[in-house]
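Chain order of the listed sequences is A and B. Position 478 of the first sequence, counted from 1, bears residue number 478 in the UniProt record's numbering, the numbering being contiguous throughout. Position 314 of the second sequence, counted from 1, bears residue number 314 in the UniProt record's numbering, the numbering being contiguous throughout.
There may be inaccurate statements among the hints.
Repeated chains share a single entry, so a pair holds when one copy, or any two copies, can fit it.
[As the list claims (entries may be wrong)] Here are the simulated SDA-like cross-link-like pairs (lysine to any residue), alpha carbons at most 20 Å apart as the crow flies:
id: 1; residue 1: K518; residue 2: F539
id: 2; residue 1: K320; residue 2: N133
id: 3; residue 1: K164; residue 2: D295
id: 4; residue 1: K164; residue 2: G345
id: 5; residue 1: K457; residue 2: E488
id: 6; residue 1: K514; residue 2: D544
id: 7; residue 1: K204; residue 2: T194
id: 8; residue 1: K164; residue 2: K296
id: 9; residue 1: K484; residue 2: D106
id: 10; residue 1: K277; residue 2: Q316
id: 11; residue 1: K429; residue 2: N103
id: 12; residue 1: K484; residue 2: P199
id: 13; residue 1: K514; residue 2: S543
id: 14; residue 1: K457; residue 2: T507
id: 15; residue 1: K546; residue 2: T507
id: 16; residue 1: K429; residue 2: D106
id: 17; residue 1: K320; residue 2: L291
id: 18; residue 1: K429; residue 2: L291
id: 19; residue 1: K164; residue 2: Q316
id: 20; residue 1: K189; residue 2: P199
id: 21; residue 1: K489; residue 2: D544
id: 22; residue 1: K518; residue 2: Y540
id: 23; residue 1: K548; residue 2: D511
id: 24; residue 1: K296; residue 2: E136
id: 25; residue 1: K204; residue 2: V229
id: 26; residue 1: K546; residue 2: D511
id: 27; residue 1: K514; residue 2: A260
id: 28; residue 1: K514; residue 2: Y540
It is worth saying that the hints were derived from the structure and are not from the lab. Every value quoted in this text rests on a predicted model; they were computed, and no experiment measured them.
2 protein chains.
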Amino acid sequence: MFLENINGPDDVKKISIENLQTLADETRAAVINRISNIGGHKGPNLGVVELTVALHYVFNSPTDKFVWDVSHQSYPHKILTGRKEAYLDAEHFNDVTGYTNPNESDHDQFKIGHTSTSVSLALGLAKGRDVNNGTENVVAIIGDGSLSGGEALEALDYAGEYDKNLIIVVNDNDQSIAENHGGIYKTLKKLRDTKGEAPNNFFKGFGLDYIYIDEGHNIPALVEVFKKVKDIDHPIVVHVHTIKGKGLSYAEENRESWHAGGPFNIEDGSPKNKPTKPADTTVHDSLVELLETDDKAVIFNAATPASLGFIGEERQGYAKRGRFVDVGIAEENAMAMASGAAKNGATAVFGTMAPFLQRTYDQLSHDLCLNNNPATILVLNPGVYGMNSDTHIALSDIQFFAHVPNLLYLAPTSKEEYVQMFKYATSQKAHPVAIRVPRKFTTDGIADNTDYSLTNKAKVINKGSDIAIVAVGCLVPVALETAKAYKEKTGKEITVISPRFLTGLDTDLLDSLKEDHKLVITIEDCYLDGGYGQRIASFYGDSDMKVKNLGLTKEFHSDFKPDELLKENGISATGLLALMD
Amino acid sequence: MFLENINGPDDVKKISIENLQTLADETRAAVINRISNIGGHKGPNLGVVELTVALHYVFNSPTDKFVWDVSHQSYPHKILTGRKEAYLDAEHFNDVTGYTNPNESDHDQFKIGHTSTSVSLALGLAKGRDVNNGTENVVAIIGDGSLSGGEALEALDYAGEYDKNLIIVVNDNDQSIAENHGGIYKTLKKLRDTKGEAPNNFFKGFGLDYIYIDEGHNIPALVEVFKKVKDIDHPIVVHVHTIKGKGLSYAEENRESWHAGGPFNIEDGSPKNKPTKPADTTVHDSLVELLETDDKAVIFNAATPASLGFIGEERQGYAKRGRFVDVGIAEENAMAMASGAAKNGATAVFGTMAPFLQRTYDQLSHDLCLNNNPATILVLNPGVYGMNSDTHIALSDIQFFAHVPNLLYLAPTSKEEYVQMFKYATSQKAHPVAIRVPRKFTTDGIADNTDYSLTNKAKVINKGSDIAIVAVGCLVPVALETAKAYKEKTGKEITVISPRFLTGLDTDLLDSLKEDHKLVITIEDCYLDGGYGQRIASFYGDSDMKVKNLGLTKEFHSDFKPDELLKENGISATGLLALMD
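Start from the sequences, fold in the hints, and give me the full structure.
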């Protein structure tokens, strides 16, 4: 046992090079202990164990600085930098997050959860070093999948001009979350096949120095190269060939499904937690129906095809026919392509996870909405019910979608509303339409026949007087629960409204409320600041209507339980009733 | 004279190949006629005249589709597609915009003003063609400067996988707005020097087919290659070597200053309009003072160094010492680098034009603010006084900055406030700080000594009762003018407040207004929806205070006069007084 004596990188350096593989094996076992018990990112971490051991053997973190791209492969790094208990001991599993975190350790430079940022951030660290006359090494570790993102490519370009120490370790396991997409992956394959000798080297094309390591799990080979590039006086790419999921045969074989996930039995990889009910297929079904009924339909996605329910042969089939387009980690390109396709007569849909749409703000505004092309954007898992790590939250989708001219931003509550909104969006040619797809739909079993071409028409779900609650999409159930409790308490009905359109106000309805309402409460699961509710406060600003806006405080919330975070911000039946006294 | 008979691309095709250069000369003269009389983009248009003639000679627009990146080089294209009068006849100069515009002509596919979008948009058009079983050619024309942008690089990658017709014409004049930055430009130079034969071809690294044209002003050579690639069944890069400013010796020699600008005398290039007063140097001076007094200071910029006042030898000097970093057209990288540099002990400042910051929303949120690194962001020319083409407006900076956690967004009114805010931002280590730098500063000649570490403290500029106007930054003069007019009319004072912090409210001050004020009016030069004023409406929502928010309607406003657009939205002394009756 070596790992028990490892409390930081200095302890790694005390081990002889011959014994480093044993340390790596123990580190891998620690990773497996954690992920088999509580899940997490699997393949990415298993694939970088030897790489991480070699990095900490050669470099001197935290003086030398590592930046882990997307940082979901930082478990071995955490194990070797004083946080091994979080991998060995169930009582300490919650001591660490799944991403690098400077609050946990000086060995972590940044909180990182979005891809393709490491080379830029490392270049920044290097510039900071330079003005401080420092001599430390700055090392970015980036996976092949992340290379396709615009921020990474911009940074590779600037690195090709930069003239001081920077080491870019490309951890090439020939896999993104799903399979890679893009021409650079043909070039990476050629480089792997020729042990780095193929012509038209992608990295050299950016003006970068380059070295190749074929045996990415051979620690002496890694150590040799890292020693060679340590203290180098210019940027260099160290292209390392690794195996995603290394060490667990089922993970090596099924790289997409073993990218991340829940607890499993180590013997055979079978899941420990059986799903209690099948996953909701509403979005997937709507897309398949569109593809089958509209031969002009094209679905765009950026490296998260499973989030749309497209996997396996079905995905391959539609991809082969050019109807399902995964552009890889390249959200900007996907948004602009959707605009271009809509312009040229396609029924274009682009869907991905809400936090990653943050990188398409300019493309949404300039490429799509300025041109008013009728593409449909599916904003998956937005708001408080989306991901709950501060590296991945999406608590500002209303902020960056709702003010963009020409766009309709729709917020369904139920499955049936979503289906009707999607049909409207994909059958009209008047505007770009984005749909805020809740993580979980309610369902009332009754088809929605709303004509969504009547822009900004809100839905009155419950008709009362004195008090109205305007509840964005997925919060309608909270409003209805409040109305029920209020009726039980007072015998009176309150009004409950779903605005459905977040990009405008139903001014007729809001005006009519002035007749017999005194208070309008708005609830939304995004930040309060700049959100939907404040538009209503503004509308009523010079009237006698009282307005109370509820939303989330402006913080990078993390590790929250959605209903509890809402409750802390007053969004619960109890909290709302308290406003009505 | 051939041009007089050109009413569309069909007429270009009627001219014999020997006479096309004469048509090109006449087209260039038409470009010069316009730019010498009313200014505009100069070098980019002069450099693509022959290229454009050859494209229209070979391809069949609008069936074949051209996408002009950033589209400031589309004048020759407009001249050849039915819009020549706008270049020949002063009475028609206003008939066209400076950018492609589908409202003007079917030969224009998109409104485009931001760089690096053409390959993505073209890929989208190509996908639209595919599902419609079309056979047209799709041609993106992109300058070397635009290649460094993330969206373009993402699209080159996807193009390397795409398997149908797409022609990417790289118009390589070895110049961005200023000089190019990034390693790819070393590679492009090698390709030019070897007539396309150099190893590690940047484009082939993306998996793309490639052909080189050395004589980018030789129409027969261009026509030959375009004929060859027309109807090609896969993507290909046609790398064309051109001369920016071709045809005007002074423009060829001084490529940066001849990128764009005002009217000039053709004989010698001297400006027709002498500047009436020297340009304001407040921002530049603040940066130089920082550089000279803080040896840890680094200024980041993305291809618009002159917007910060850095030109010529001064820029070269700071660049050589690593203190002024132009990353090229790569705003995402600049924002993330600023975060990294601030993390590692630099005093990091990133400044560029407000519309281009739209492409850094994710980097602002995830790379900078999530990590709470104390970089300073200068948002240049935001709001209604910024650029006034719908392709370049920046009417939503408050929307995409003000809700981001950890950020302070400051809005100075005067030069003196800016100076003090900049000193605060660059001397503190508590937060990222962005400053909304107005295009024109007021000045009162009295140094501002405000302690901006007192977050959210607003400034009461005039103390009155009953009515208060809260005016964002550059609109304070309108509020003061209103107060003066109100006093003249009624003898009473109204309160005028500059919030200075747009990322939070001075709740103590706002609460105190409840004592002796009945109406709060907010004015801002961004969209009303999701803006600053609505936060104040929300604050007062359940009180008796009346609030009236004024801001711009949510549209892609274009070709407006700032004060008139404000007036149309009620933001003028007259408009405000009308609310006070």
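Evaluated hints:
no.	hint	verdict
1	K518 with F539	both (14 Å within a copy, 17 Å between copies)
2	K320 with N133	between (54 Å within a copy, 15 Å between copies)
3	K164 with D295	between (53 Å within a copy, 18 Å between copies)
4	K164 with G345	between (49 Å within a copy, 17 Å between copies)
5	K457 with E488	neither (30 Å within a copy, 45 Å between copies)
6	K514 with D544	both (8 Å within a copy, 15 Å between copies)
7	K204 with T194	both (15 Å within a copy, 17 Å between copies)
8	K164 with K296	between (51 Å within a copy, 17 Å between copies)
9	K484 with D106	neither (51 Å within a copy, 57 Å between copies)
10	K277 with Q316	neither (26 Å within a copy, 64 Å between copies)
11	K429 with N103	between (49 Å within a copy, 16 Å between copies)
12	K484 with P199	neither (70 Å within a copy, 73 Å between copies)
13	K514 with S543	both (8 Å within a copy, 16 Å between copies)
14	K457 with T507	within (9 Å within a copy, 34 Å between copies)
15	K546 with T507	both (16 Å within a copy, 18 Å between copies)
16	K429 with D106	between (53 Å within a copy, 17 Å between copies)
17	K320 with L291	within (13 Å within a copy, 56 Å between copies)
18	K429 with L291	within (17 Å within a copy, 53 Å between copies)
19	K164 with Q316	between (44 Å within a copy, 18 Å between copies)
20	K189 with P199	both (12 Å within a copy, 18 Å between copies)
21	K489 with D544	neither (26 Å within a copy, 28 Å between copies)
22	K518 with Y540	both (11 Å within a copy, 15 Å between copies)
23	K548 with D511	both (17 Å within a copy, 16 Å between copies)
24	K296 with E136	between (55 Å within a copy, 16 Å between copies)
25	K204 with V229	within (16 Å within a copy, 27 Å between copies)
26	K546 with D511	both (13 Å within a copy, 16 Å between copies)
27	K514 with A260	neither (51 Å within a copy, 54 Å between copies)
28	K514 with Y540	both (9 Å within a copy, 17 Å between copies)
Taken one by one, the earlier hints fail for this structure at numbers 5, 9, 10, 12, 21, 27, listed in ascending order.
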